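A.B. asks: Work out the full structure: start from the sequences and follow the hints.
So in numbering that gives the first Met the number 0, spot 21 of the sequence shown is number 20, and the numbers just go up one at a time.
In case anyone wonders, no lab produced these hints; they're calculated from the structure. All values derive from a computational prediction rather than experimental measurement. Watch out, some of these pointers could steer you wrong.
Stated by the list, open to error - The list that follows gives simulated cross-link-like pairs (lysine-lysine, DSBU-like), each with its CA atoms no further than 35 Å apart: (1) Lys40 <-> Lys19; (2) Lys40 <-> Lys146; (3) Lys146 <-> Lys52; (4) Lys117 <-> Lys19; (5) Lys130 <-> Lys180; (6) Lys117 <-> Lys180; (7) Lys52 <-> Lys40; (8) Lys19 <-> Lys130; (9) Lys52 <-> Lys125; (10) Lys180 <-> Lys40; (11) Lys40 <-> Lys130; (12) Lys117 <-> Lys40; (13) Lys180 <-> Lys125; (14) Lys117 <-> Lys146; (15) Lys19 <-> Lys125; (16) Lys130 <-> Lys146; (17) Lys52 <-> Lys19; (18) Lys19 <-> Lys180; (19) Lys117 <-> Lys130; (20) Lys146 <-> Lys19; (21) Lys125 <-> Lys40; (22) Lys52 <-> Lys117; (23) Lys146 <-> Lys180; (24) Lys146 <-> Lys125.
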Amino acid sequence: MEVQVRELHGNWDLGFALDKHTRSSIYLGEDAWGHAMFETKRSPAGEALYQLKYRQDWSQAQPIAMQIAQSIYPRLTDVGCIVTMPASRLRARQPVLEVAAALGRIVCRPVHSRILSKALTGHALKDMATKASRAAVLAGQITLHDKLPGLARRNVLLIDDRYDTGASLEEACRVLRGYAKVAGIYVVTITW
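C.D. replies: The following block contains the structure:
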């Protein structure tokens, strides 16, 4: 998978995304039911994420994780564990957890999927135009659960699927900063 890694800036120590999600999207008109149709060209990482998330092609988790391990993980110092961003939508299998679990196996790091939880806000963040409006809806909606073993402080790698405004990741990092067992925070997303 060929990628163009991008550094992400926020209230974390270091963050990266594998690649841009969509290369181009051309409106084609409406289908017989009045739904908009598009011809969308995605990056390889974007297509893999699309297949994983919306077509339930779970075989995509491994190559995505392998690419993160090759292209991003070596840039991060002393990762103690991997923490998943809490899901916005309930699914039987969570795409971010699938990628995190595969990455954990590759880099031999524990994965924790229940450190953070997100309250249902009743709002679709992707439909909100500004970072400020998203941040306002998210304020106080991410909760920390003391599930990391022991008392030692460690660097955590927070993983999410997509980076848009960064509001969700910043709220999660704000919460993680208050956790005595967290030293540094790295962020990785599959696409931006």
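A.B. asks: Compare the structure with each hint and give your call.
C.D. replies: Status of each hint after checking the structure:
For the given pair, Lys40 sits about 11 Å from Lys19 by alpha-carbon distance, which is consistent with the 35 Å threshold. Restraint check: the Cα-Cα separation between Lys40 and Lys146 comes to about 40 Å, which exceeds 35 Å; the hinted pair is violated. This hinted pair checks out: Lys146 and Lys52 have alpha carbons roughly 26 Å apart, not beyond 35 Å. Restraint check: the Cα-Cα separation between Lys117 and Lys19 comes to about 26 Å, which is no more than 35 Å; the hinted pair holds.
The hinted pair formed by Lys130 and Lys180 meets the criterion: a straight-line CA distance of about 29 Å does not exceed 35 Å. Note on Lys117 and Lys180: the hinted pairing holds, with a Cα-Cα distance of about 20 Å set against a maximum of 35 Å. Between Lys52 and Lys40, the direct Cα distance comes to roughly 16 Å. Compliance with the 35 Å bound is thereby established for this hinted pair. For the hint pairing Lys19 with Lys130, the CA-to-CA distance comes to about 19 Å; that is within 35 Å, so the pair holds.
Pair hint Lys52 plus Lys125 holds up; C-alpha atoms about 15 Å apart against a cutoff of 35 Å. In summary, the hint linking Lys180 to Lys40 is not supported, as the alpha carbons are separated by about 42 Å, beyond the 35 Å threshold. Between Lys40 and Lys130 the CA atoms are separated by roughly 26 Å; this keeps the pair inside 35 Å, and the hint holds. With a C-alpha separation of about 31 Å, the suggested pair Lys117 and Lys40 falls inside the 35 Å cut-off, and the hint holds.
Distance hint between Lys180 and Lys125 is fulfilled; the C-alpha atoms sit about 31 Å from each other, no more than 35 Å. A C-alpha spacing of about 15 Å is found between Lys117 and Lys146, which places the hinted pair at or below 35 Å, so the restraint holds. Restraint check: the Cα-Cα separation between Lys19 and Lys125 comes to about 16 Å, which is no more than 35 Å; the hinted pair holds. A threshold of 35 Å between alpha carbons decides the hint, and for Lys130 with Lys146 the separation of about 30 Å falls inside it, so the pair holds.
Distance restraint check for Lys52 and Lys19: the Cα-Cα separation of roughly 16 Å lies within the 35 Å cut-off, and the hinted pair is therefore satisfied. The straight-line distance between the Cα atoms of Lys19 and Lys180 is roughly 33 Å, inside the 35 Å bound, and the hint therefore holds. For the hint linking Lys117 to Lys130, the alpha-carbon distance of about 18 Å falls within 35 Å, and the restraint holds. As the CA atoms of Lys146 and Lys19 are separated by approximately 33 Å, the hinted pair is consistent with the 35 Å bound.
For the given pair, Lys125 sits about 20 Å from Lys40 by alpha-carbon distance, which is consistent with the 35 Å threshold. Proposed proximity of Lys52 and Lys117 is supported: the alpha carbons are some 19 Å apart, at most 35 Å. For the hint linking Lys146 to Lys180, the alpha-carbon distance of about 10 Å falls within 35 Å, and the restraint holds. With a CA separation close to 29 Å, the supplied pair Lys146 and Lys125 stays within the 35 Å bound.
Checked against the numbered hints listed earlier, the structure breaks hints 2 and 10; every other hint is satisfied.
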